[in-house]
Amino acid sequence: MVDAMLGRAVQLLTPEGERVDDPDYDISLSDQELRGLYRDMVLVRRLDAEATALQRQGELGLWASSLGQEAAQVGSARALRTGDYAFPTYRDHGVTWVRGVPPLEVLAMFRGITNGGWDPIARRCSLYTIVIGNQVLHAAGYAMGVQLDGAEEAVAVYFGDGATDEGDVSEAFVLGSNLHLPLVYFCENNQWAISSARDRFGRAPLYKRAEGFGFPGVRVDGNDVLAVMAVTRAAAERARSGGGPTFIEAYTYRMGAHTTSDDPTRYRHAEELEVWRLRDPIERLKVLLARQGMADRSYFNQIDAEADELAVIVRDGVRAMQAPPPESMFEHVYAERNPVLDRQRDAMVAYERSFADEVTA
Amino acid sequence: MTQLTMAKALNTGLRRAMEADQKVMLMGEDIGRLGGVFRITDGLQKDFGEHRVVDSPLAESAIVGAAVGLAMRGYRPVVEIQFDGFVYPAFDQIVSQVAKTFRRSEGLLRMPIVIRIPYGGGIGAVEHHSESPEAYFAHTAGLRVLTPSDPGAAYRTIQQAIACDDPVVYLEPKRRYWDKGEVDLSDVSGDPWRSRVLRPGTDVTIACYGPMVRCCLDAAEAADVSLEVIDLQSLSPLDLAPVIASVERTGHLVVVHEAARTGGVGAEVAAQITESCFYSLEAPVLRATGYDVPYPGSRLEEHYLPDLDRVLDAVDRSLAW
Numbered sequence: 002m003v004d005a006m007l008g009r010a011v012q013l014l015t016p017e018g019e020r021v022d023d024p025d026y027d028i029s030l031s032d033q034e035l036r037g038l039y040r041d042m043v044l045v046r047r048l049d050a051e052a053t054a055l056q057r058q059g060e061l062g063l064w065a066s067s068l069g070q071e072a073a074q075v076g077s078a079r080a081l082r083t084g085d086y087a088f089p090t091y092r093d094h095g096v097t098w099v100r101g102v103p104p105l106e107v108l109a110m111f112r113g114i115t116n117g118g119w120d121p122i123a124r125r126c127s128l129y130t131i132v133i134g135n136q137v138l139h140a141a142g143y144a145m146g147v148q149l150d151g152a153e154e155a156v157a158v159y160f161g162d163g164a165t166d167e168g169d170v171s172e173a174f175v176l177g178s179n180l181h182l183p184l185v186y187f188c189e190n191n192q193w194a195i196s197s198a199r200d201r202f203g204r205a206p207l208y209k210r211a212e213g214f215g216f217p218g219v220r221v222d223g224n225d226v227l228a229v230m231a232v233t234r235a236a237a238e239r240a241r242s243g244g245g246p247t248f249i250e251a252y253t254y255r256m257g258a259h260t261t262s263d264d265p266t267r268y269r270h271a272e273e274l275e276v277w278r279l280r281d282p283i284e285r286l287k288v289l290l291a292r293q294g295m296a297d298r299s300y301f302n303q304i305d306a307e308a309d310e311l312a313v314i315v316r317d318g319v320r321a322m323q324a325p326p327p328e329s330m331f332e333h334v335y336a337e338r339n340p341v342l343d344r345q346r347d348a349m350v351a352y353e354r355s356f357a358d359e360v361t362a
Numbered sequence: 005m006t007q008l009t010m011a012k013a014l015n016t017g018l019r020r021a022m023e024a025d026q027k028v029m030l031m032g033e034d035i036g037r038l039g040g041v042f043r044i045t046d047g048l049q050k051d052f053g054e055h056r057v058v059d060s061p062l063a064e065s066a067i068v069g070a071a072v073g074l075a076m077r078g079y080r081p082v083v084e085i086q087f088d089g090f091v092y093p094a095f096d097q098i099v100s101q102v103a104k105t106f107r108r109s110e111g112l113l114r115m116p117i118v119i120r121i122p123y124g125g126g127i128g129a130v131e132h133h134s135e136s137p138e139a140y141f142a143h144t145a146g147l148r149v150l151t152p153s154d155p156g157a158a159y160r161t162i163q164q165a166i167a168c169d170d171p172v173v174y175l176e177p178k179r180r181y182w183d184k185g186e187v188d189l190s191d192v193s194g195d196p197w198r199s200r201v202l203r204p205g206t207d208v209t210i211a212c213y214g215p216m217v218r219c220c221l222d223a224a225e226a227a228d229v230s231l232e233v234i235d236l237q238s239l240s241p242l243d244l245a246p247v248i249a250s251v252e253r254t255g256h257l258v259v260v261h262e263a264a265r266t267g268g269v270g271a272e273v274a275a276q277i278t279e280s281c282f283y284s285l286e287a288p289v290l291r292a293t294g295y296d297v298p299y300p301g302s303r304l305e306e307h308y309l310p311d312l313d314r315v316l317d318a319v320d321r322s323l324a325w
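Going line by line, the protein sequences match chains A and B.
Quick note: the numbering used here has the first sequence finishing at residue 362, numbered continuously throughout.
Quick note: the numbering used here has the second sequence finishing at residue 325, numbered continuously throughout.
Simulated from the structure, these hints should not be mistaken for laboratory data.
You may find that some hints are simply not true.
[As the list claims (entries may be wrong)] Cβ-Cβ distance ranges computed for the label pairs, FRET-style:
#1 B/His132 x A/Ala152: 35 to 45 Å
#2 B/Asp183 x A/Gly62: 51 to 61 Å
#3 B/Asp183 x A/Gln323: 54 to 64 Å
Quantities reported herein were computed from a predicted structural model and do not represent experimental measurements.
All C-beta atoms in this analysis are idealised placements derived from N, C-alpha and C, irrespective of residue type, glycine included.
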């Protein structure tokens with residue numbers, strides 16, 4: 002479809018909740034699967050709201066909001082198989098949610114308890130990478146390993162529109178193209194890289210870059226969970242079956258600030274948010290579910306109640322999270338014994354203990 | 005014992021490591037078909053295949069960033085950066101990812117990556133081909149930094165670096181690539197993270213590494229006083245125990261490196277030795293190093309690089325203090 006805002010993009014569910022056809026992509030999901038997508042998005046949005054509030058209360062050091070990007074994140078992650086591997090950005094709470102990462106493990110990093118938080122091997126989902134674009138190369142390397150192993154797995158890597166400015170992302174495109182790697186490059190174009198507007202700086206649509214690197218690129222309505230899932234499924238299947246990489250540009254919008262440290266009123270107008278509020282990813286699926294009789298008021302209430310429960314778990318869990326002992330900073334710096342660090346740790350422990358003695362004396 | 009050049013010793017060491025572990029794979033610019041611009045990987049692609057010896061795109065950040073992903077997948081990538089001055093595009097991946105992923109993952113993701121970099125000057129090269137960037141890496145927590153000084157050490161330590169579960173920046177003194185030395189192909193023992201006393205002496209201790217070791221051994225041979233020459237070999241972690249023991253006997257220490265002086269490895273050695281040997285020292289720790297200037301054009305490099313005379317001059321100044 003061609004939309005005034007999106008241009009040519011894959012869309013299967015309009016902002017009004019109408020199911021439409023696309024010439025190249027389709028998806029057939031059971032009622033249960035559709036309700037599952039709705040549940041995922043509502044819970045992720047609630048997690049995001051709670052985390053934002055917890056930051057305001059001083060319980061988290063920072064939070065990067067995923068508000069408005071639930072369809073792009075949930076739809077793409079639900080298109081992956083358990084055996085595939087995901088490399089999210091630090092905003093992809095919908096991706097980590099779908100990969101089964103417990104929310105409190107995500108929040109631990111934002112509380113300053115750890116720089117990681119979860120088991121990336123068990124979840125087949127890498128830790129949040131804060132340096133913009135670094136993880137796209139990690140995904141390319143991981144995909145090289147998949148290829149070396151002869152495994153039928155797809156590697157999905159997430160990055161924002163801002164990251165496409167980074168050299169690492171272009172280098173990862175080169176690597177993926179040269180080696181025909183089993184990669185899905187999933188770009189969430191949320192229009193804003195902190196204060197830089199994509200439209201103001203980008204002279205060409207992002208998905209068109211793929212052609213120059215030698216693999217297909219497609220733009221999808223990033224607020225349409227069905228279209229995102231359909232497009233990502235096809236790309237992941239292509240990757241698994243030796244078809245090489247695909248670039249997906251999910252056209253969406255960052256409804257919140259860049260992070261809780263940001264003030265978007267300094268660089269964008271409120272009217273812009275109004276336009277995107279009408280394209281809300283959750284609302285349109287809710288309309289579809291209701292209209293087609295796949296869910297009723299009691300179902301929606303039940304999901305809202307579940308979100309309330311999640312909020313309690315998140316609030317209580319975050320507040321209960323204690324910092325680890327100071328000397329733990331010396332753990333896992335090196336895999337093998339390092340006498341230099343051993344000496345520094347011992348000195349630190351002795352120094353800190355000297356104060357404890359004073360207090361007890 | 006076999007006589008080999010350092011280049012051939014490294015080549016043989018890489019081959020042995022690839023034979024010993026199927027997960028070891030190589031990646032870098034021109035390392036496959038060409039065998040690398042210094043031929044260190046000569047013949048390896050032919051014998052191990054294009055998937056284990058990968059000719060990478062001309063993209064250093066990609067080489068190192070992909071190594072991180074390969075390590076996450078259980079591989080042991082050994083990557084080559086073509087020249088010292090070309091490592092900087094990969095600096096971000098090295099410092100932010102290679103060095104920190106093990107810690108970030110709380111021990112779940114090991115990064116057994118070796119980053120091989122030919123370094124140092126003395127070969128009459130153009131700009132960016134003669135640099136000594138070791139201090140950047142030695143300053144970065146999470147990395148190990150190794151530099152061999154002779155073919156025997158190169159043969160052993162390249163295999164030990166590959167077997168190590170930590171990331172290792174492996175600096176190869178390129179002007180020593182073609183020097184021959186004794187190599188025991190059946191021996192990969194010895195602790196690579198220890199300094200080596202290469203020549204015992206009684207008057208002045210010389211701490212050096214990489215390309216300067218040969219120079220310091222020559223200086224010791226030429227000197228009319230007795231010099232103890234210690235090859236630091238591991239720049240991170242630094243093993244100064246043999247240096248401390250030596251300085252307690254000699255009371256004099258000269259640190260020698262090609263890299264610029266300020267904030268260099270020599271500064272760290274001087275600080276630690278001052279702390280540990282304050283009452284043994286009969287003179288301040290002196291340094292014979294490169295100057296704090298961008299590496300000069302090749303017609304001037306002999307004035308920049310410490311040489312036998314500058315080492316002996318530092319020895320004289322120390323003894324005359």
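May I ask which of the numbered hints given earlier this structure violates, with the numbers listed in increasing order?
Hint check: nothing fails, all pass.
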